[in-house]
Amino acid sequence: MADALAYLRQKQENGGFNELVNMHVRAVREGYAEIELPASPNNLNGLGNAHGGAIYSLCDVAAGTAAASRGRVGVTLGASIQYLRPGKEGLALFAKTREIKHGRSTAIYNVIVTDEEGTEIADATFTMFYIGDCVELLR
1 MADALAYLRQ KQENGGFNEL VNMHVRAVRE GYAEIELPAS PNNLNGLGNA
51 HGGAIYSLCD VAAGTAAASR GRVGVTLGAS IQYLRPGKEG LALFAKTREI
101 KHGRSTAIYN VIVTDEEGTE IADATFTMFY IGDCVELLR
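With the numbering used here, letter number 101 in the sequence shown gets 101, and the count goes up by one each step, no holes.
Just so you know, the hints here were simulated from the structure itself, not pulled from any lab data.
Even glycine gets a Cβ: it sits at the ideal position worked out from N, Cα and C.
Wrong hints could be hidden among the right ones.
Okay, the calculated beta carbon distance ranges per label pair [said to hold, decoys possible]:
id, residue 1, residue 2, range
1, E89, F129, 18 to 26 Å
2, N45, C134, 25 to 33 Å
3, E89, I131, 31 to 39 Å
4, Q82, I131, 23 to 31 Å
5, R104, P41, 39 to 47 Å
6, E19, G52, 17 to 25 Å
7, E30, T76, 14 to 22 Å
8, S105, S40, 31 to 39 Å
Working from the sequences, and respecting the hints, build out all of it.
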């Protein structure tokens with residue numbers, strides 16, 4: 001699985017939005033992913049807290065990476081998020097997934113976001129749709 005982690009890191013961290021906001025894949029195994037969003041002034045809202053869109057994006061990347069860990073490319077079909085507490089300025093955020101369902105065409109993940117002090121910031125559920133493409137290295 002070390003090759004899979006390296007592959008998913010390369011795909012998720014190099015280019016596009018994820019690179020722009022500096023997201024990092026911290027861990028991945030079959031049906032699981034952990035993604036980090038480092039503390040940055042660019043991720044804050046006007047109140048000085050982590051922007052809700054940044055938190056949602058962190059969850060989306062975590063769910064997508066967990067889906068890809070199964071060797072298939074998944075895109076977000078639907079999502080629900082509850083913001084529990086503000087992400088505070090200067091604290092990195094971490095999203096960890098729990099696979100609820102893995103089926104032929106969809107997968108469902110619970111995503112919990114905590115800050116680096118362990119405070120729970122958000123709880124989300126993401127439904128991923130497998131588009132038919134395979135992540136070759138993971139097969």
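Hint check:
1. The hint said 18 to 26 Å for the Cβ distance between E89 and F129, and at roughly 35 Å that hint is violated.
2. Between N45 and C134 the CB atoms are about 38 Å apart, so this pair departs from the stated range of 25 to 33 Å.
3. Our hint of 31 to 39 Å for E89 and I131 holds, since their Cβ atoms are close to 37 Å apart.
4. Checked against the hint of 23 to 31 Å, the C-beta distance between Q82 and I131 comes to roughly 27 Å, which is consistent with it.
5. Between R104 and P41 the beta carbon distance is about 43 Å. The supplied range of 39 to 47 Å therefore holds.
6. Between E19 and G52 the CB atoms are about 21 Å apart, so this pair conforms to the stated range of 17 to 25 Å.
7. For E30 paired with T76, a C-beta distance near 20 Å keeps the hint of 14 to 22 Å intact.
8. A hinted range of 31 to 39 Å for the beta carbons of S105 and S40 is consistent with their spacing of about 36 Å.
Hints 1, 2 from the list above are not met by this structure, while the remaining hints are.
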